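Please build the complete structure, drawing on both the sequences and the hints.
Protein chains in written order, with the numbering used here: chain V, 1 to 245; chain A, 1001 to 1199.
Be aware that one or more of the hints could be misleading.
[Said to hold, decoys possible] Mimicking EDC-like on lysine to aspartate or glutamate, the simulated pairs with C-alpha atoms at most 16 Å apart in a straight line are:
#, chain 1, residue 1, chain 2, residue 2
1, V, Lys59, A, Glu1103
2, V, Lys67, A, Asp1192
3, V, Lys239, V, Glu85
4, A, Lys1030, V, Glu136
5, A, Lys1179, A, Asp1114
6, V, Lys174, V, Asp187
7, A, Lys1136, A, Glu1103
8, A, Lys1133, A, Asp1176
9, A, Lys1092, A, Asp1176
[What the hints assert, rightly or not] Where chain V lies over chain A, by a calculated footprint (3+ residues, C-beta under 8 Å):
#, segment
10, 1101-1111
11, 1123-1130
12, 1181-1187
Source of the hints: derived by calculation from the structure; they are not laboratory data. Computed from a predicted model, the values in this text were never measured in an experiment. Using N, Cα and C, we set each Cβ at its ideal position, and we do this for glycine too.
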Amino acid sequence: MSSMSRRRLIIAAGSIAAATSVSSRAAFAQATAQAPAGPFKVDPLPYPTSALEPHIDAKTMEIHHDKHHQAYVTNLNGFAKDHPEIAAKPITEVLASLNSVPEAIRTGVRNNMGGHANHTMFWQIMGPNGGKPDGEVLAAIDRDLGGMEKLQADFNAAGGRVFGSGWVFVTVAKDGKLALETRPNQDSPIMDGKRALLGNDVWEHAYYLTYQNRRPDYLKAWWNTVNWKAIADRYAAAKAGTLGV
Amino acid sequence: MTFTLPDLPYAHDALAPYMSKETLEFHHDKHHQAYVTNGNNAIKGTEFEGKSLEEIVKGSFGKNAAVFNNAGQHYNHIHFWKWMKPNGGGTKLPGRIEKKINEDLGGFEKFKTDFAAAGAGQFGSGWAWLQVKGGKLEIAKTPNGENPLVHGAVPILGVDVWEHSYYIDYRNRRPDYLKAFVENLINWDYVDEMFGKAG
Ligand SMILES: [Fe+2]
Ligand SMILES: [Fe+2]
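Structure, rendered in structure tokens:
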């Protein structure tokens, strides 16, 4: 067993044990260990949890990736047991046509598949030594968003205005046009037929251990974690129509 | 009416270990204070100036998000502090509340399960409630700053499930926080007082 899948089993067993009486704990843990993980999975972080310090602390990265993102995926796999069709199409297609998901699981799929898509993007567009925007992406930012300085000011203001949990995104249309947008909870631009070029998580879990109530400080510091190489790749893929989540 | 931050009805460290001093310092002194400050700024120069808090909450819902979000959260937090106390929770409830929970909610054990499930099931930020509606007790949940007042009900108990309520003490484990709230923090005397006023 890989260390990743072993860690996942430990998490799954732990969360079930917390909600279960002592007497049935062992039986549950065993059943979990034998059950297939399901079609959805969390990719390992592409860098160490400490790689984004001091802007995002290692503990936050660990809980955020291993617990929060994992919980969305665990819930999704739960839905897929009775509704395997949600795993038969690409995530982008399911999210773009939520009305065709059975009503009984529609809100659950919206929340948890949205959460899976958003966090998968999030880990990818961050990283150490993220460089600077250049080339086509920078040209698009200058053209559509008034340049980097204005983008950062507007993005931080929009993220600060999200009341409750949600995300702030730079979305990209198929023609390469960029726009600044926010969404509540785990909604994704994919649900509106768009793609996130990049986005920042403004759920309190994303910053509370380091920044507590100071979301504006988190939004400002977060730009130091952005991986512009990954974003350039996403931009090219978006224009080619091949960008996934 | 200008919003002002009420003092906590107990010391910041009085609810430990179920809710830490650090959590209450941020939650009361910073988060609640921000709703007060932002609410007063949002209300300035609007039709809501001079109205009572309940009038503002009901009147601004769906009409003025900046006013509603802050007024709703001001109302919710004013009561939230009073819905907790040191050595709270337990199983000895004031008689009339216990009777009503048995009648309307299938007993105290079922209430505990359903109330915690409502809190765990509120996706994102929000609140879980015990409310009076049409003379009956009900369990409900609402997103963000909403509360039962804007849904034709009166809250008599509420638990904050915004992550800021529990992240320092429980991290991602919201169910553990809800369990501690129900078993060790609820001030049933204040629930009973609000039930009496709800009529
Ligand atoms: Fe998140
Ligand atoms: Fe709160």
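Here is what the structure says about each hint:
1. Of the pairs offered as hints, the one joining V/Lys59 and A/Glu1103 is violated, with about 46 Å between alpha carbons and a cut-off of 16 Å exceeded.
2. Distance check on the hinted pair: V/Lys67 and A/Asp1192 sit about 38 Å apart at the alpha-carbon level, beyond 16 Å; violated.
3. In summary, the hint linking V/Lys239 to V/Glu85 is not supported, as the alpha carbons are separated by about 28 Å, beyond the 16 Å threshold.
4. Straight-line distance between C-alpha atoms of A/Lys1030 and V/Glu136 comes to about 42 Å, which puts the hinted pair past the 16 Å bound.
5. For a cut-off of 16 Å, the pair hint linking A/Lys1179 to A/Asp1114 stands: about 11 Å separates their Cα positions.
6. About 20 Å separates the Cα atoms of V/Lys174 and V/Asp187, which puts this hinted pair outside 16 Å; it is violated.
7. A threshold of 16 Å between alpha carbons decides the hint, and for A/Lys1136 with A/Glu1103 the separation of about 9 Å falls inside it, so the pair holds.
8. Proposed proximity of A/Lys1133 and A/Asp1176 is contradicted: the alpha carbons are some 28 Å apart, above 16 Å.
9. For the suggested pair A/Lys1092 and A/Asp1176, the alpha carbons sit about 21 Å apart, so the restraint of at most 16 Å is broken.
10. Evaluation of the coverage hint for the segment 1101-1111 of chain A: breached, as 0 residues show C-beta separations to chain V shorter than 8 Å, against a requirement of three.
11. Coverage of the segment 1123-1130 of chain A by chain V holds [criterion: at least 3 residues with CB-CB distance below 8 Å; count 4].
12. Residues of the segment 1181-1187 of chain A lying with their CB closer than 8 Å to a CB of chain V number 0, which falls below the three-residue condition for coverage.
In terms of the numbered hints stated before, the structure departs from hints 1, 2, 3, 4, 6, 8, 9, 10 and 12, listed from lowest to highest.
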